[in-house]
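Enquirer: First to last, the protein sequences are chains U and R.
Read in the working numbering, the first sequence has 39 at position 39, and its numbers run on one by one without any break.
Each number in the working numbering comes from the position in the second sequence (counting from 1) with 1000 added on.
Read the hints as simulated data drawn from the structure, not as lab findings.
Idealized CB from N, CA, C, for every residue including glycine.
A few of these clues could be false.
[Claimed, not checked] Using C-beta positions, here's what the derived DEER-type ranges look like: (1) E155(U) <-> R1171(R): 18 to 26 Å; (2) R1258(R) <-> E142(U): 52 to 60 Å; (3) D1276(R) <-> T8(U): 47 to 55 Å; (4) L1390(R) <-> H168(U): 55 to 63 Å; (5) Q127(U) <-> N1003(R): 39 to 47 Å; (6) E187(U) <-> G1259(R): 49 to 57 Å; (7) E142(U) <-> G1179(R): 51 to 59 Å; (8) R1171(R) <-> Q64(U): 53 to 61 Å; (9) R1253(R) <-> E187(U): 21 to 29 Å; (10) E187(U) <-> E1271(R): 19 to 27 Å.
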Amino acid sequence: MESIGKITSRTVVMPTNDIDTDQIIPARFLTTTSRDGLGQFVFNDLRRDSNGDDIADFVLNQPQAAGCAVLVGGKNFGCGSSREHAPWALLDYGFRAVISTEIADIFKNNSLKNGLIPVVVDAEIHQRLIANPGIEVTIDIETRTLTLEDGSAVEFPIDSFARFCLLHGIDQLGFIQQQLAAIESFEEQRSWTP
Amino acid sequence: MSNDKTLFEKVWDDHVVVAETPDTPAILYVDLHIIHEVTTPQAFSLLREKRFPVRRPDLILATMDHSTPTTPVTTFKDLDVVAEGAANQIRQMEVNCKEFGIELLGFGSIERGIVHIIGPELGATQPGKTIVCGDSHTSTHGAFGALAFGIGTTEVGHVLATQCLLQRKSRTLVIDVEGNLSKGVTAKDLILGIIGKIGVDGGIGHVIEYRGDAISALSMDSRMTVCNMSIEAGARAGMIAPDDTTFEFLNGRPRSPRGADWDTSVARWRELRTDDGAKYDKSASISASDLGPMVTFGTNPGMVVGINDAVPDRPSDPSFRKALDYMQIEAGKPMTHNDVDVVFVGSCANSRLSDLQEAANIVKGRKVADGVRMLVVPGSQQIKKDAESLGLDKIFVAAGAEWREAGCSMCIGMNGDIVATGKLAVSTSNRNFEGRQGVGARTVLASPMTAAASAITGKVADPRPFLRDE
Ligand code: SF4
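The following block holds chain R by itself, in its conformation from the complex:
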């Protein structure tokens, strides 16, 4: 037996408190627990009931994002814009954090934002950490070479009380991505292409490692977009080995190691790569060079097609037909035939500064088409501020788009930012499930560039003719 290990195995082994046996799962230590208002109230109730304290409040990053308004909140009265349940949940989060001694990045904090945006932004997300959150897109943090995955509320309670989780070790799937992404083609198109290829259940039971030239060439923002959607392929987590791009991103962030600590950390992080002789359970590959802009046409992220390609048909597959009916999409024609009602640029998949820049670059000096509503929601208050200092807000507003406070917003529609029944939304978020953005809403997932081009033309549009040289 060789001692060679995959990246996943290295991080896993480093966190085993009690080893797995055939009869019992491993007890795995958690380095960073991110919490938000929607999937934690029942966990705090349990702690209260049993009189358990929170074991390591210092390893928790707490914020509010899912059901928060994207209009400014300075007093609780401002919460009237969201449904009563949502407002109650937000208040409860404040109460819970206070009672259990957890620092909350709440309203008024520049550090508030979507859970998966602020972890990396603050430098709390680091290579080699185990990171969990009661949210499936926790896979995002794997872009740094962390082992990061979503958990349920019962497990949130376990981590609050013990800083540990019961886990069975996942299998591994490696995805090699060679070649280069062409101009106008982004990490979002790449991950949609990957999900289209391996299917929405292709990763079940597995942790994916993405590697290859095309991955190494990606910025951290783009790597996060790729890892974000690992869960949409059914995978437990997605990981990318850390490299100089990773270290450069983290250097100097508020919660990154400093001084001598930084140097020892980087030395340790450099070891976090799959050994040459290590074996994966499964493998797949895709060429980045062959990809164009991708859009979804159905009701899961695997129902995806090139922007200018005809939507396929599977007449004998009832699930497929049902999806096309719901979407009111005709097979045999490209998606560019469809009129757009709403464009949403935001969510933990694509609401980082570079995403907003890419969209603004297309929108600049142009107008959002008549009858189209465009909503731009930065991933964090810090990103909002940075974008404003670059004047991006003015570009969006001048084009006729709405510029909002940070939050999940129309990705999940819990805060009242919804797509009306029957309306078609081109969205940079990560889920096009039936009703995800509102009852009867029809979601087309796309990159920020494709979303911006669609806002301008009023149809699902190829962004490449709208690109400008920087």
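Looking at chain U on its own, in the form it has when it is part of the complex:
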């Protein structure tokens, strides 16, 4: 994985609560055996009508959304299915970070493993972001800070190990494999076997 330090971008705002992974990428697009090219289907059923035409007032179809890499969502973002296709699709579309007051566990894990940064903020900052779509923000993984357009900065929580892996581009599988001896001795010494 490539190392990631800082993201600076304007925001796109989708204030709806409980945006689930079925909305991020509907199940009928999960029949792929690859992780590439899913960006074209991101939010498909919100973005396009039943004829496949763009729905003009959906936020991603508006000109000011072009090039935005930070998505601000309502609370409980990414709930539902464990499909990793959700962060794959968001990344492939061009998003690099998601901000909300609450981000669902599995989605958060999956995102961190792929370099999509989940940023949890308090209700006040969230309100400001929602009220001011399109402002430029900076997300600094090294310092764990989100800086808003006016220069004010807040800290956000990020798992220290995930942060380390992001900053250094470390592959987590390699980390587990370094512990092979411990895994083998665990298997030998346990009091029962599955």
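Guided by the hints, dock chain R with the ligand onto chain U, whose structure is given.
Expert: Chain R with the ligand in isolation, oriented as in the chain U frame:
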């Protein structure tokens, strides 16, 4: 510091290979890895690319369920009924399992079925195990006192290669359920009631333990329905301490321990309960006696209401209003006002034999209402066979319902079993998200009894007037 532990902590501690530190998550050993065709192809590609073998093919249970047709498949030509991508995924699963030496319970196997149905059915799901699967409803297996949770595809790759996962320990939430469920009220109504109470984000970061008289009284099938939907409250997993009901269920199943091994296993399993002095991070309680049949009215499982109660309104909440608009549901009236187009009995929430029996009991000798399509999809090929030997298939077919092969089917709509745009489906599945059952489909989650009564009347219906004495 007391040494008292919760059920979750006991199972967790028993699987720590390398302990968690502030800087690194724990390395946790996985006892059972369940895999299916949709969330594994990219993980196998990674292994192939890096030339890693699968570390413990013997600890993997592999099947196909999500994108499989529910019409019979005997040759690959039969796959033409599903979309090309789905057929390709199914073929790829066969190739992957063969190449990596994994036994696949595929077409033609009586053991094939929905991942969360066959684990318990085969006795592979056992108390005290760690169980993972690339599917969020892996929480189902927690009904046996296992620590079971859904993982992403990258993590599927980790487990295939190392049999381990990187995990931070979750917090704990205990839900006490006292009282008794009344007649016509099921585990599905209970879990919908719980989610309605704690909210779809009430369990984020937590493992839930369900306990209390009402939980102890539940059958294993019902306990699985409860744990299945833990993820719909945002929880990492749901657990219930194993007891005699659990052991009775497991005794004699194909992959359950046998002989002396059985006795030592049961002795070990009996220790899997929360110690008296152990502390949970959070708690909640609900009375089972107060509950009636529950149905959802919105686009997440927390938007739930009693069958005869008026749908609430929150005029100043845009997310809430958006959900009602999508569902075309009017606030202030009970859900029983709504016409039904489709009824789906199936999914890992409610497709076990007892679920089918409950639905059949209501449908028997009656007809599915004009204009309603009723689809009944057993959770596994074994359940299908058992149901057929009880004549349940005939009851459904005589009523005008469709009786299918096992699979996820209309729960997720990947195999072409979908609800058409704008149509209202009463479904025994676990997710009523926008578009979950098809683009623009409107899903009402309910118990098998409520679903069956709705099929008969053509409206969302209270099942209690249709109950028969057994
Ligand atoms: S039945 Fe539905 S919820 Fe269960 S595993 Fe299949 S798709 Fe997932």
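Enquirer: So, for every hint listed, does it hold in this structure?
Expert: Consistency of the hints with the structure:
no., hint, in the structure
1, E155(U) <-> R1171(R): 18 to 26 Å, "holds (21 Å)"
2, R1258(R) <-> E142(U): 52 to 60 Å, "holds (56 Å)"
3, D1276(R) <-> T8(U): 47 to 55 Å, "holds (54 Å)"
4, L1390(R) <-> H168(U): 55 to 63 Å, "holds (59 Å)"
5, Q127(U) <-> N1003(R): 39 to 47 Å, "holds (45 Å)"
6, E187(U) <-> G1259(R): 49 to 57 Å, "violated (23 Å)"
7, E142(U) <-> G1179(R): 51 to 59 Å, "holds (53 Å)"
8, R1171(R) <-> Q64(U): 53 to 61 Å, "violated (40 Å)"
9, R1253(R) <-> E187(U): 21 to 29 Å, "holds (24 Å)"
10, E187(U) <-> E1271(R): 19 to 27 Å, "holds (22 Å)"
Comparing the model with each numbered hint stated earlier shows that hints 6 and 8 do not hold.
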